[in-house]
Every structure is written in structure tokens, then in C-alpha cells.
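S.K.: Chain residues, written in single-letter form:
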Amino acid sequence: MMAVFDTPEEAFGVLRPVCVQLTKTQTVENVEHLQTRLQAVSDSALQELQQYILFPLRFTLKTPGPKRERLIQSVVECLTFVLSSTCVKEQELLRELFSELSACLYSPSSQKPAAVSEELKLAVIQGLSTLMHSAYGDIILTFYEPSILPRLGFAVSLLLGLAEQEKSKQIKIAALKCLQVLLLQCDCQDHPRSLDELEQKQLGDLFASFLPGISTTLTRVITGDFKQGHRIVVSSLKIFYKTVSFIMADEQLERISKVQAKSAVEHRVAELMVHREADWVKNTGDKLTILIKKIIECVSVHPHWKVRLELVELVEDLLLKCSQSLVESAGPLLKALVGLVNDESPEVQAQCNKVLRHFADQKVVVVNKALADILSESLHSLATSLPRLMTSQDDQGKFSTLSLLLGYLKLLGPKVNFVLNSVAHLQRLSKALIQVLELDVADIKIVEERRWNSDGLNASPKTSATQPWNHIQRRYFRFFTDERIFMLLRQVCQLLGYYGHLYLLVDHFMELYRQSVVYRKQAAMILNELVTGAAGLEVEDLHEKHIKTNPEELREIVTSILEEYTSQENWYLVTCIETEEMGEELMVEHPGLQAIPSGEHTSQVTSFLAFSKPSPTVCSMNSNIWQICIQLEGIGQFAYALGKDFCLLLMSTLYPVLEKAGDQTLLISQVATSTMMDICHACGYDSLQHLINQNSDYLVNGISLNLRHLALHPHTPKVLEVMLRNSDASLLPLVADVVQDVLATLDQFYDKRAASFVSVLHALLAALAQWFPDTGHLRHLQEQSLGEEGSHLNQRPATLENSTTAEDIEQFLLNYLKEKDVADGNVSDFDNEEEEQPVPPKVEENDTHPDVEPPLPLQIQIAMDVMERCIHLLSDTNLQIRLKVLCTLGSKCGDFLRSRFCKDVLPKLAGSLVTQAPISARAGPVYSHTLAFKLQLAVLQGLGPLCERLDLGEGDLNKVADACLIYLSAKQPVKLQEAARSVFLHLMKVDPDSTWFLLSELYCPMQFTPPHPSLHPVQLRGASGQQNLYTANVLHLLKELQ
Amino acid sequence: MAAPCPLPPPDPQFVLRGTQSPVHALHFCEGGQAQGHPLLFSGSQSGLVHIWSLRMRRALATLDGHGGQCVTWLQTLPQEHQLLSQGRDLKLCLWDLAEGRNAVVDSVHLENVGFCRSSILVQGQPRWMLAVPGKGSDEVQILEMPSKTSVCTLKPEADAKLGMPMCLRLWQADCSPRPLLLAGYEDGSVALWDVSEQKVCSRIACHEEPVMDLDFDSQKAKGISGSAGKALAVWSLDGQQALQVCGTHQLTNPGIAEVTIRPDRKILATAGWDHRIRVFQWRKMQPLAVLAFHSAAVQCVAFAANGLLAAGSKDQRISLWSLYPRA
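Protein chains in written order, with this note's numbering: chain A, 1 to 1042; chain B, 1 to 327.
No wet-lab data here; the hints were simulated from the structure.
No residue lacks a Cβ here, since even glycine has one placed at the ideal position from N, Cα and C.
Please note that a few of the clues may not be correct.
[To be verified] Some chain A residues flagged as far from chain B (calculated, every beta-carbon gap over 12 Å):
#	residue
1	Lys62
2	Ser147
3	Asp279
4	Glu377
5	Ser422
6	Phe486
7	Asp697
[What the hints assert, rightly or not] Only some residues are given here: those of chain A computed to face chain B with a beta carbon under 10 Å:
#	residue
8	Glu553
9	Cys647
10	Leu648
11	Ser652
12	Tyr698
13	Val700
14	Gly702
15	Leu705
16	Arg708
17	Leu734
18	Gln740
19	Asp741
20	Ala744
With the rest of the complex left out, here is chain A (with noise of 0.2 Å):
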């Protein structure tokens, strides 16, 4: 607003009627209108008129009587008015408008501040913080003087009482930042420079007489309700630190005298003054500890994160200025500030954490004894309590104890080695490690989860994160729920290995490891923390000095850690029951019970197996299964330790993470990859294949050893398997060396475990093909494949489309006559003459040595040493395998097995299902459960892929179809209908004139009409159009043939 009276003059010419009015008649309308005009008047005028105006004001204030509150409320925010834009340059005039404002609020009565309206407390406060403000220069430091002591001390408790016992917010918090105001620690700008040590003394002297009042009143406010709103808490938490850290400055304390100085003021308030010597700081200082406990225990859990940050600044001013004279507070301030280290909110967190750094670098905690002792002394009775606070407290009371735990670590740095080198302490801290790690290992999900494909290693390390813990398995514990206590272990776990004696740790909790199972699990858990932790490349370290694990040393401690963790006993647990070795022993007992299908139905074995000998718990299977993914989620984190430097441990490690990728177990298969993955970056492969193919050798050798030794590894030939699909044509001298072995083991086991040797066959002869493509017979396969024209007689005959002419009848017939003649045996130069021809040796040209026998190329001669133990697993007894090899071979060689199989095998297999057909037809809904029903199935379902691999002649295909066409009628259990027709989809491919011609035999929908008139009709036994017990099959696969 525009000053209309510039001058003093003018002012007082429109002022002094309404100040002449108001001394005369006190009431609130005469104070507003000389508020009205004084709105009108410059700022200048008003100084020149302050004491005129003033007096009025006063008067009616100091005016003997009862007076109303509205009309004191309007005088003060007057005069408030008047002190905002003026100075006040006189000491007297200051003190007295102090005391003046100061007994608005005075009750005769009692000690609390008087019941007026809140308006007019505010008013007051209000006035007061006016007042202060407005005192000229160095007036407000001649204030504070020991006179005002009396006056001073009324405000104050005046001001706390407000602000303790007041319901309205507004007026707490004006009634706070009047204190501060008053205390001089407002952070306005309008204040005088900073005090110089004399002034700081007597400032000091002074206010330490209101130091009880003031910390006593606010711990209350500051412990009270949470309810009551942070911003209260937070300033009272600033005035108590800020008044707490002045009056107990170490650095005043010091310069303080034994004996107090005679000082020239009266009696009375002498008595009032305090003089801080030792007896007093240490009484203090005892008093304020109680308090500033209460404040700790009530603050670092407040919900609002402000008030916790204050927190931080309470820690840092308190221990900086204070450290001496409040010496028993160091360790609890020192607890505060290291539980809010990992607190929720991340600014407290960074305030923290730079206030620790602050420390760190000013060597507070170094170089101070007494802080660096009481840090090692608080970590030593944590350790000792700790076992016992990780069974008693709840998830949030483990948070901040662990936080706790984690902060002393950081802020004692290499010194945490004081509290470890001694045995009883390290004990505790590992016995309350292990116990609050155990993991609940109930749930039955992880057992039963199972892999069914065989080919998962497709995962490209790209997908994952470069952390290994980013991609952990959730795991679930027995004493918390909490993930936040789980990342807080590991935090404490990492610094460990970063700052402890890592030897010392790994050597402690290796020997817990291999104490009990019990604490296996756990004590793998923190290993591989441990390790993360000493790579030093997580860790935020606040002793920017010390000295890492040297990788040289860090190599050699993972070596011997993995060396444990893939020992016999640790890594080849019972995670399920085996089907394989449990189906032979199942067989020895029990012979009738061959046919349970090898495959990964293990619900099926475990039913047998209670009674055949005690089988492994799901808890413990549980447990074996996580203490195997713990390891393998170890070794991914020693490699991400390590670096490149893992490369030399790949040697002993890829062998056995890569057979667990393989595992039956979900979990562990899925863990074990991605340990894969994180050895592939940390080793520098871009994908899993590269990582297997570049290091084939280890693997060779792990493969090779291990099957000398096949009943302890029974997977040994799944590792060969996934290195063969992920192996190329370089490989091929390494490959042919292992099979050497694997082939010298299959003699030696062809009555056990074939099963799994016929699949490494298959894979080996599948990658040899792969990579030495023969494009004859590539075509030849494809052909087969296709199902086009690989057979004798498949011409796709005409009759079947519409358009049919005479010569497409001729042509069919020539077809036909000619195929019977082969049929027939009168095998002339056919064009089969190119499938039949066995691979032809390619000799190499340039051989230097003539009267040497050019050896066979090396694949070749591997093909032909595989074929010849496949010929030995035809008789096996095991039907499964029989077929298996049967399939394997059939695809790879069908001509020189053809005539094998249906001399020797097709009779007796087409024999048994005609046989059984009738006894399966009548059999009620338990007959699934016999084994001539498996074996039926068995047959039925084997028998299609054969027909189609081994490219069957007609003939045979003949006795096929009538042992399985008997199967299609609907009488038979529908399991093996399928089977069946699963059979003569094959046909089909392979035949489908006389697969379509037999099914119509059987049944045919509709009546043919001759294409030309000369042709006689068609007549089938099926056209009756009479429905029968095939007619449902049949129909599903003429369907198909259409």
C-alpha cells in the first residue's frame, strides 16, 4: 500500500487524535482506527513517531484492572504492527516491551499460561517474535544480560508451556519459533553475526539456568503423540538439539573457570545464574543422557521420515559439539544414527550415510578413542544379545536391530576385526546368522515341480542382470517374512567379507558347514555373501582406505569353497526319487514290474517304493534342493566376484553347474542356469553355447571321469548330451575321444542305465549329421519326412480327385504293377538303389603315404562304433528301450534294419497284441493298472514312428495294420484306441491307399461311383453303411486322410 504521510509531520497531525482517543477511552474500536491511519503512514514517519505511538498502546496494557481479552488482542497486534516496521533502539524501551507483551499472558493463579482465548496467544507470540526482531543491532545482545534473567525465564517456560499444553496447532508452532527466536536460533536473516567466544560464553552462562526447563518440556513434546504432526516434533526436536549442543559445547566448557566469577548483579538473580563446571556438566550430562534416550527410542521408529531425518542432525550436531560433556549420550546417539542407516526413506538414508562419511572422514571415530570404543563395545553387546533378539523379536524389531548391526559394521570399518578375532563374539554373531537364515523348507511345490523338456538351455545372458542377486530365488524363512531383512543380511554378510578377516570367516563358516546339515544351508548362504562382499564391488565404503582381499587370495578361498560345495556329498543329494535306478531295483524285487514307464511319473514309483525301502522325506528332499541352488547361486556370485579371474576355475566348475541345468528339479535346473549366465558374463561368452563350446574340454574331462564311475554319476550322460547340441564340427577330435569312453561304459552297463546312454546316441548321431551334412542323404530324410514320395507306393494316386481321366487310371495301374512286381521280390536298378548305398568314405587325395590304409573319416567311424552297440540294446530287456533304439536307429539306418526287424520283431510284437486284444476288449477300468495293459500301450505307441522310420514294405505294413485294426474297435479302453490310431496315422504317411482302403473294409461313409463307365463298381465291405464298433475310429481317420 502507498504511504499517504511521508512526513513525521503529517503522520502526527492524523495520528495524534486517535492516540489522543484511545489514552482517553480504551476500547477496540479506537486501537483499530489508529490501526487504520498507521496504515496510511511511511515507514520512516513511524520511526521518528514510534515512542508516541507506542505510548497509547502500552498504557492501555499497563492500565490497572480487568480488562477485556479482545481489547488487549487488537492493542498486541497493534503494537506488533508498529514493531514490524520500526526498530526498537533502546535497551529500556525492548526490556520493557518484553515484560509488557510477556504478562499478557501471565496468570497470578497458577504456573501455566493464562486461560485467554487463542487468539490472543497468538497475538502475544506473535508480539514477542516481533519485538525480537525488531531490537536494533547489537541492542539484542546488551538484552541478555543477568538482569533479565527473571524475565527471560518467564517468557521461556511461558512459551514451552504453550507449546506443550496448547490443543491448536498453529499456536505450538508459533510458540516453538518464538522460542527459538528467543534462544537465538532463529535462521532469519535479520540476526546479528555470529557470536565470538566471550559473547558465546555469557550467552552460554545465561541460558544454561532455563537448559532443565527447556530439555525436560520438549522431550515430552517430542515423545508425545505421533498424532500430534511432524512439523512440531521437528522444531522441537531442532531447539533441543541446537540449545543442548550451545550450552554443552565442548569447546565452551573448556574455557570455563573452577570457580564462578563474582558478577555484579543482585542477589536474586545470582542465584538463578548457573555456573557450568565440571560437577554441573557431568550432573547434566547424566540428566540429559536419560533424556536424549527417550527421544532416540520414541524418534528413529516415528513414521514420518522429517522428523527421523531431525534425528540425524540431533546425531551429528550432538556428537560433533558435544562429544565430551556428553559422553554416556555418544553410544545411544551413535545407535540412532547407525539403525536409520538403512532406513525407508532414502533421504534419511543419504543424510545418514554422508553424516557417517562425515564422521569417517574427520576421523571421529578413528581418531577419538572414546567413540571408536564405544562403537566396538555397542557391537560387542549386540553380538552377544543377538542370538537371542533373533528369536524374541518381530519382523520390524529384527529390521532395526540388524540395521543396527549393519551400521556398526560401516562405521567400524576393518576395526569390526577387534569384535571377530574374539572366538566368543564371533560365535554369537554366526549362531544368530545361521539361526535367523533357516529357511522353511516345507513346501511340497519345489519337490514336485519337475522339467520336462530336455532342451532348455536357450537363455541368453542378455536377458539377465549383471548382478546375480538381482535374480535370486525367492526363498522363504522360518523366523521372517520380511524381504528387507533378507537384503539386510546379506548387507551385513558383504561388509563382513569386506572389512572382516575374511580367511578367519570363511574358515569359521566352512567348519559350521560342514558341521551339521542343520546349518549347511545357512552357513552357504553367508559363504557366498561373504565372497560378494570382500570383491569389495557392492559395498559403499566410508573408509575410503582400506585395503580389499587381493584376487589372488580371494581365488584361492573360492576354490576351496566350491571344491566343498561340488564334493560328492555335498552336491549329489537326493532331490527326488530317481526313476531309473529306482526302476531296477524296483525290478529286482518285484519282476512283475518291468513295465512302470521309465519316464519322470515319479508319483507312480513312490508308491512302490514305501514299502521297498524308507523313502527321503519331502523336507528333506526340500531342503537338498535349496541347499543346491544356494551353491549354485554361490558359484554365480564367486563369479561375478572373481571377474575374468573365474575363468580358471571353470575347469572344475562348469562340469557340474551344467548338470544341474539339466535336472529333473525345476528349481535347481532353473537356479544352475542362470549361474551359467552370470558365468558367461563374468567369464566374457556372450551365450551359454559359446561358454560350453569353448570350454568342451573341461567338460570332456568331467565327462570322462565321471562315467568311469557311472552308478555315483548317474547324469553323466545328460552333461554329454547338452554339450553335443551345443557343440559344432571343431569339436569333433574331442567328441570322438569322449565317446570312446561313453561307449566303453555302455558295454560295461548295457543291462542298467542304457535308457540314458540311448539318448546320448541319438544326440551324438544327431549332431554328427548336423554337422557333416551328406546332402544324398539329407535328401533322402526330407523326403521321408515329408512323407511325399519316399515310399514304393506312394505316386499319389489320381482316383481320389475329381478330374480323373483314363490315362491318370493307366498311369495308375502301370504304377501299381510295377510296385507289386518289386513288391514281389523282382528287384530291378530302382531308384532305391541311392538310400541303400551305405555313406561312401570320401578318401582324402592328398595322402603322402601310400602303403598306409587311408583311414575312414572320424565321423564316420564314430557312426559306425555307435551303430554297433545298438544292434547289442535291440535285446534288451527293456521293451522301452528296445523301441527307443529301434526309433533311433530307424532313422538314421532303415534299410539295413528293416529286414531285422520284421523277421525278428514284428511277428512277435504283432503276435502279442492280437493275442491280448480280446482280454483288453473285456477288461473292466482296472485293467489299466496290469502290465499287459502297459505293454499293450507300449507296443501301439512304439510301433507308428517305426512303421513310418523304417519305411516298412507292404507287407509288413499289412501285418501292422491288421494286429492294430482290432484295437479301433470301441470296446478296447480308450487309451489304446489312441495308441492305435496314432499307428495308422502313420500308415497313413507312409501308405495311405491301403491304410484308406483297409479303414474302409472296416466301415465306408458313403458308396463309390466307377470314374468311367467301362470300370466295374467299387464294391467294400465297409459301404453297407451299418454302423459298428470301428465306425467311430475309422470315420476320426478317413478324416484325417481326406
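Fit chain B to the known structure of chain A by using the hints.
M.R.: Leaving out everything else, chain B in the frame of chain A:
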């Protein structure tokens, strides 16, 4: 579980693959790379020398200097990263391997294609003595190296009928500077030559088949030889430099390709044509182990200073054995 399982047969610590050819010679070289990880040299029938890092368990380099002809003997010189390789191409090559080089710096032409491996004796730097099969089929030639000057030719008396020398071991007694040569001959005898006097000091017929290899423990003045037959012979040397047979050890299968005493002279190992490696205690010739891993004749065995045993076989693999695994 039921009955305690019997200990599984011992396994090699690891197996080196990749020579792609039968392995005929092995030699360890200490202090090549990082501490505790010696280098291993292997010589193959295809004429290549592979240098293996035992730290990585991989071939670091391949030396091709014998024109595809079998490498039968490998030996490093105590200094300067030099390797000697003998091949059936009638060449003995001296390789410089320092600082990653691998070049032939010198070679000696041999005049006899026989089976006999050479031997060296380092007398004082930089001179050393080399024994190689000589021009005449029963001769041994002694050369002074690196000058390649012929010192002498050791030729048995005409009526001795020893046949070809099959294996050589140059050595020197602690008490005397005179170089001595132990040589095993085709007729099954072992002879001790005094190189300076060019005469046979002593000779014993300890085998019925050609001596395939011998090793000598100069401290105990005791040696051992293996032959194409079924026996190992242990013999000793008395103060008068006379050889005496101390005993023989019968084997189940004939044929020892190489016999090597471990540097600490506690145990020895033999390479058997029966695919097996046999380990004996040296003092009493107590059999300690029969190591079965290879699928073809074992052609050579070698010990590293840290006790690691390597065996090379016709099956193209080199097996490495830690005989006393860490407790």
C-alpha cells in the same frame, strides 16, 4: 545305506586331450608360469610338441619341428627356457621358448633312427654334454654342447653283441667329475660306461628282452630298468663301479615303455604296454598302485617337482595323477 562301498578305483586328477596322436614323450618344466603350476611338454607321434599349461589345463602352444615324425624324447635345459626335442626324423632340435618365442635355434643331426632316447648332463654353464645314439647301430655318440663338438663314440667290443642301445642315462657321481653313462641294450643288458676312458666299467645282463628304459638314483647308487619282458630289474653300483643285480620284480603283463623315479626318490612309476601305470615304493620296490585309465599302451611317464605324475598313452591322452591327494 547297506554295506560300505569299496573305495572307487583311483581317478586321474585330470586328463589332457588334444594331441590327436599317440603321446610318446613327456617332460615337466618347473617355474614356467605362475608358481606351483609347472608346464608340461608332450611329444606326439605326429611330430608335434605340445606345451601345456597345468593351470589352465590347456595347450598353450604347439611346436612343429620334426616333419610329422614321432617325437621320442623331450628335455629342458636348466636355464634360458630351452627345450630339446628328439624326433624320428633324425633330428634333435633345440628350441628357444623365452618370452613366448618358439623357434628352433639349433639342431643336431642324428645318424641312427633307432628307439633310443638321448640323455644330457649339465656340467657347468653354459656347457653341457649330450649322449645320442651313434652312427653304427650299437654306438653311442657323446657331444659337447652347445658347440656340437663330438667328444667320443662309445662302441662296445666287437664280440659283445649287445645290439642297439635302447636307453641312455648320463650322470656324474658326487665325488668325481668323470661323466658316466648308463646304457640299456637290445640284448637285455645294462652297461656302465666311463665316458672319458670310453670303456665299459661294468655290465650286467638283467633282462631277457631288450631294455626299454632305465632310471638311476645316483644318491643310493641304485637303478631300475624295464624291458619288453615281464620283469623290472633293480640293480646297484658298488664303490668299484661294478653293477650288481639286486632283484627283479615280476609283472603280470610284459612291456615297460618308461620307468621314472620321482625327484624325491621315494616312489617310481612305470609306463606299461598293458595300458597301466604302476607305482612302486622305490626303497623296497613295494607295489603301491596300479593305475588303470588308458585304453592303449602307456608310452611315457613323468613326475613334476610337486609330485604330480603324468602319463602319455597311445590312446592320445595324457593323464595327470595326484598320488597323494591333499588330506
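S.K.: If any of the earlier hints don't hold here, list their numbers in rising order.
M.R.: Numbers 7, 8 - these are the hints that the structure violates, sorted from lowest upward.
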